[in-house]
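*Asks:* For reference, the chains in residue letters:
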Amino acid sequence: MLEEFTEKINIAFKKLRGLATINEKNINEPLRDLKRVLLEADVNYKVVKSLMEQVQKKSLGQEVIRSITPGQQVIKIFYDELKKILGNSTSEFIMRPNNPMTVMIVGLQGSGKTTLCVKLSHYARKKGRKPSIIAADPYRPAAAKQLEIMGKATNIPVFSRITEDLILSTKENIEDAKKSGYDIIIMDTAGRLHIDEEMMDELVELKQEVVPDEILLVTDGMTGQDAVKTAVEFQKKLDFTGIVITKLDGDAKGGAALSMSAVTGKPIKFIGIGEKLGDIEVFHPDRFASRILGMGDIISLVEKAEHATDRERELQKKLKLDNFTFQDFYDQIQQLKKMGPIQQILEMIPFGGKSLKGLKIDDKQFVKIEALINSMTKEERENPRIINGNRKKRIAKGSGTNIEDVNRLLKQFIQMQKMLKNFSRFGLKKFGKMQTLFGGI
Amino acid sequence: MKNEFEKLKDSLSKTRKGFLSRIIGILGKKRKIDEEILENIEQILIEGDIGFSASMSIIENIKEKFRVNKECDSDNLFLFLKEEILKMLENSESFQEEKLGKKPWIILVVGVNGTGKTTTIGKLAYCYKNSDKDVLVAAADTYRAAAVEQLDIWRKRANVDLIGTQQGADPAAVVYDSVKAALSRNVDVLIIDTAGRMHTKVNLMEELKKVKRVIAKIIPDAPHEVLLILDANMGQNAINQAKEFLKATKVTGIVLTKLDGTAKGGVIIPIKLELGLPVKYIGIGEDISDLEIFEPKRFVEALFSF
Numbered sequence: 001m002l003e004e005f006t007e008k009i010n011i012a013f014k015k016l017r018g019l020a021t022i023n024e025k026n027i028n029e030p031l032r033d034l035k036r037v038l039l040e041a042d043v044n045y046k047v048v049k050s051l052m053e054q055v056q057k058k059s060l061g062q063e064v065i066r067s068i069t070p071g072q073q074v075i076k077i078f079y080d081e082l083k084k085i086l087g088n089s090t091s092e093f094i095m096r097p098n099n100p101m102t103v104m105i106v107g108l109q110g111s112g113k114t115t116l117c118v119k120l121s122h123y124a125r126k127k128g129r130k131p132s133i134i135a136a137d138p139y140r141p142a143a144a145k146q147l148e149i150m151g152k153a154t155n156i157p158v159f160s161r162i163t164e165d166l167i168l169s170t171k172e173n174i175e176d177a178k179k180s181g182y183d184i185i186i187m188d189t190a191g192r193l194h195i196d197e198e199m200m201d202e203l204v205e206l207k208q209e210v211v212p213d214e215i216l217l218v219t220d221g222m223t224g225q226d227a228v229k230t231a232v233e234f235q236k237k238l239d240f241t242g243i244v245i246t247k248l249d250g251d252a253k254g255g256a257a258l259s260m261s262a263v264t265g266k267p268i269k270f271i272g273i274g275e276k277l278g279d280i281e282v283f284h285p286d287r288f289a290s291r292i293l294g295m296g297d298i299i300s301l302v303e304k305a306e307h308a309t310d311r312e313r314e315l316q317k318k319l320k321l322d323n324f325t326f327q328d329f330y331d332q333i334q335q336l337k338k339m340g341p342i343q344q345i346l347e348m349i350p351f352g353g354k355s356l357k358g359l360k361i362d363d364k365q366f367v368k369i370e371a372l373i374n375s376m377t378k379e380e381r382e383n384p385r386i387i388n389g390n391r392k393k394r395i396a397k398g399s400g401t402n403i404e405d406v407n408r409l410l411k412q413f414i415q416m417q418k419m420l421k422n423f424s425r426f427g428l429k430k431f432g433k434m435q436t437l438f439g440g441i
Numbered sequence: 001m002k003n004e005f006e007k008l009k010d011s012l013s014k015t016r017k018g019f020l021s022r023i024i025g026i027l028g029k030k031r032k033i034d035e036e037i038l039e040n041i042e043q044i045l046i047e048g049d050i051g052f053s054a055s056m057s058i059i060e061n062i063k064e065k066f067r068v069n070k071e072c073d074s075d076n077l078f079l080f081l082k083e084e085i086l087k088m089l090e091n092s093e094s095f096q097e098e099k100l101g102k103k104p105w106i107i108l109v110v111g112v113n114g115t116g117k118t119t120t121i122g123k124l125a126y127c128y129k130n131s132d133k134d135v136l137v138a139a140a141d142t143y144r145a146a147a148v149e150q151l152d153i154w155r156k157r158a159n160v161d162l163i164g165t166q167q168g169a170d171p172a173a174v175v176y177d178s179v180k181a182a183l184s185r186n187v188d189v190l191i192i193d194t195a196g197r198m199h200t201k202v203n204l205m206e207e208l209k210k211v212k213r214v215i216a217k218i219i220p221d222a223p224h225e226v227l228l229i230l231d232a233n234m235g236q237n238a239i240n241q242a243k244e245f246l247k248a249t250k251v252t253g254i255v256l257t258k259l260d261g262t263a264k265g266g267v268i269i270p271i272k273l274e275l276g277l278p279v280k281y282i283g284i285g286e287d288i289s290d291l292e293i294f295e296p297k298r299f300v301e302a303l304f305s306f
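Note that the protein sequences, when read in sequence, are chains A and B. With the numbering used here, letter number 395 in the first sequence gets 395, and the count goes up by one each step, no holes. With the numbering used here, letter number 39 in the second sequence gets 39, and the count goes up by one each step, no holes.
Everything labelled a hint here was simulated from the structure, so no lab data went into it. Keep in mind it's a predicted model, so treat the numbers as computed, not measured. Treat the hints loosely; a few may be bogus.
Claimed, not checked - Restraint ranges, calculated between C-beta atoms of paired labels, are given here: (1) K247(B) x S180(A): 45 to 55 angstroms; (2) K156(B) x E164(A): 18 to 28 angstroms; (3) K126(A) x Q166(B): 52 to 62 angstroms; (4) P138(A) x K247(B): 36 to 46 angstroms; (5) R125(A) x D287(B): 35 to 45 angstroms; (6) A216(B) x K25(A): 52 to 62 angstroms; (7) E274(B) x Q417(A): 16 to 26 angstroms; (8) N23(A) x K297(B): 26 to 36 angstroms; (9) K82(B) x T21(A): 39 to 49 angstroms; (10) K247(B) x P97(A): 18 to 28 angstroms.
We treat Cβ as the ideally placed atom computed from N, Cα and C, and that holds for glycine.
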């Protein structure tokens with residue numbers, strides 16, 4: 001299923017990658033594919049709609065980055081918008097020093113609140129704090145018992161005395177915890193439906209009485225479209241401070257949780273990734289966006305390509321002098337190599353809109369060219385005309401090739417120089433033609 | 001960005017008008033099936049967690065149906081839409097509370113974490129007990145802390161017996177004991193609780209297979225029923241869950257829980273379409289009697305309400 005998903009997004013990206021220009025017409029279909037991918041990841045319908053509108057608007061008005069195709073830029077815009085919705089940057093769970101802090105854990109039934117309480121305690125303890133847990137769920141059978149057992153097993157103190165008056169006994173438990181010197185006090189509340197007025201009012205009262213420093217809304221990462229309604233209702237009543245997404249150790253994309261952050265504007269602080277004590281992670285929007293897309297590698301390639309543009313500009317300046325040398329060629333190859341396996345890079349490079357899939361270029365071809373250039377002296381690289389018979393012999397010997405290879409390279413290089421003179425600007429875009437020239441080597 | 005979010009939030013927090021009145025509102029102006037209407041239908045279907053593919057095929061059918069006669073009234077469209085979805089859920093309709101063909105009738109309950117397995121077992125036990133059956137429940141969730149205690153409270157409410165052990169024991173051993181006990185005590189129904197497990201965890205799915213083998217070793221055609229518990233809040237991931245649990249345990253039916261919230265549980269439609277798995281029961285609350293036989297017609301009505 002996960003492969004299926006990646007396949008789908010691949011198809012959408014492939015359609016985009018091939019686009020040499022972007023207009024309202026040709027961007028429509030790939031964007032529809034991406035919309036589908038998001039919906040199948042359970043991202044909320046309205047969030048998807050507004051996201052896609054943004055992507056379309058920005059894609060049509062984009063600035064051109066020379067080293068990647070316009071279509072790839074759309075992918076980048078898509079990724080950036082996704083990240084923006086997720087909160088852009090990591091929102092740390094701040095534990096103020098020298099001050100007891102209370103955290104209220106809320107959410108629907110079965111979202112993983114109790115497990116989170118224990119994990120969060122473990123997290124706090126690792127940061128040098130003294131955590132304790134208050135059981136505040138009088139409804140689910142054996143809920144307090146579950147906390148007691150888990151507390152015992154993990155050596156985290158649990159205050160589980162619950163009387164008829166939940167608010168009062170919770171307050172007393174918190175006082176006890178504070179007196180005992182615990183400085184992170186985590187309250188495990190009962191699971192409840194956001195439309196259950198009575199139960200929601202109980203939380204509101206608890207909040208008013210306890211005044212917690214943080215209220216974390218816990219959501220199952222496998223939740224569907226309804227998640228936003230839950231989030232909005234909890235926000236209206238409680239104005240929680242952060243979101244925790246649980247059960248992300250499966251193959252769920254967690255798109256619904258993404259939407260919760262978008263509609264409430266509240267940050268996602270943690271994700272739960274397993275049943276073990278340490279299976280809790282600080283949430284990073286960029287990583288999660290990659291998870292939704294299932295294609296972190298493409299994104300990083302696009303980013304690398306953007307980084308590389310500065311170097312490219314430098315090269316272009318030089319190339320404008322109509323004096324393309326072996327040294328420039330060599331630099332160009334190094335530049336490409338830095339970006340990753342050449343085959344992968346070349347697939348990203350536009351070849352007049354044609355897909356490169358059938359064309360097999362392996363790094364070995366470049367190794368040969370590199371070896372040949374490496375065996376040249378500095379002088380020979382700057383001025384290939386001086387390469388005579390003796391020099392050719394030496395270069396062939398030095399690079400482990402033969403005279404024919406040297407001749408071919410020279411011939412093709414001179415052709416390339418001529419060709420380059422015809423272009424006032426030279427960027428990676430024309431590299432395709434260079435590649436064709438060197439196809440024989 | 002704030003503004004976009006604010007707008008989005010407003011549109012979400014507004015109470016959704018009934019589907020019918022929305023469609024009537026649009027049709028009142030146009031009386032014609034156009035993109036706007038189709039987009040509205042798409043939104044309703046997707047927000048009900050029916051998923052992209054199933055939603056699209058429903059919309060294609062609407063297009064096809066109203067291709068010749070583009071003029072239509074809302075009643076017609078609404079009726080057609082409901083029929084389309086009902087057709088997709090076909091065969092589920094015929095399900096009645098099953099006659100227990102075998103004694104003991106063995107029901108294995110499986111699902112991912114937090115879907116409501118233990119609660120559902122309490123309700124099921126109560127249900128059978130009320131129809132004068134001897135019921136035994138087995139606490140084979142030996143992983144989660146206090147899972148046995150939780151089931152123990154439920155079975156007391158249902159007034160049935162429990163076979164259990166401590167946390168950390170081998171679930172297969174508990175299952176073995178419980179099947180043996182069901183035989184020797186000559187009970188009508190044995191309901192086995194299992195630990196919640198992510199469908200992607202190979203070792204835990206293997207453990208489940210082993211549980212099933214242990215049962216079949218004693219009674220070859222058992223378990224007679226394997227119920228997969230799905231939370232109505234689940235999104236499209238429920239399809240993967242159903243696939244994996246089906247592979248491991250030959251699931252015979254679904255119990256859709258937590259339908260008392262605002263979630264519609266529409267993912268059961270692609271699950272029915274793709275895997276042919278019917279929904280048998282629905283959970284609609286936290287009381288022991290809050291379990292009902294699944295009725296497709298009511299489900300479809302609910303899909304378009306609120």
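*Asks:* So, for every hint listed, does it hold in this structure?
*Replies:* These are the hints, each one checked on the structure:
1. The hinted range of 45 to 55 angstroms is satisfied by K247(B) and S180(A), whose Cβ atoms lie roughly 50 angstroms apart.
2. At about 21 angstroms, the beta-carbon gap between K156(B) and E164(A) stays in the expected band of 18 to 28 angstroms.
3. Taking 52 to 62 angstroms as the suggested C-beta distance range, the pair K126(A) and Q166(B) does not conform, at roughly 29 angstroms.
4. Against the hinted window of 36 to 46 angstroms, the Cβ-Cβ separation of P138(A) and K247(B) comes to about 40 angstroms, which satisfies the hint.
5. Between R125(A) and D287(B) the beta carbon distance is about 39 angstroms. The supplied range of 35 to 45 angstroms therefore holds.
6. About 59 angstroms separates the C-beta atoms of A216(B) and K25(A), a value consistent with the hinted range of 52 to 62 angstroms.
7. Between E274(B) and Q417(A) the beta carbon distance is about 60 angstroms. The supplied range of 16 to 26 angstroms is therefore violated.
8. The hinted window of 26 to 36 angstroms between N23(A) and K297(B) is violated, with their beta carbons roughly 47 angstroms apart.
9. Taken as a hint, the range 39 to 49 angstroms holds for the pair K82(B) and T21(A), whose Cβ atoms sit roughly 45 angstroms apart.
10. Between K247(B) and P97(A) the C-beta distance comes to about 51 angstroms, which lies outside the given range of 18 to 28 angstroms.
The structure shown violates the earlier hints numbered 3, 7, 8, 10.
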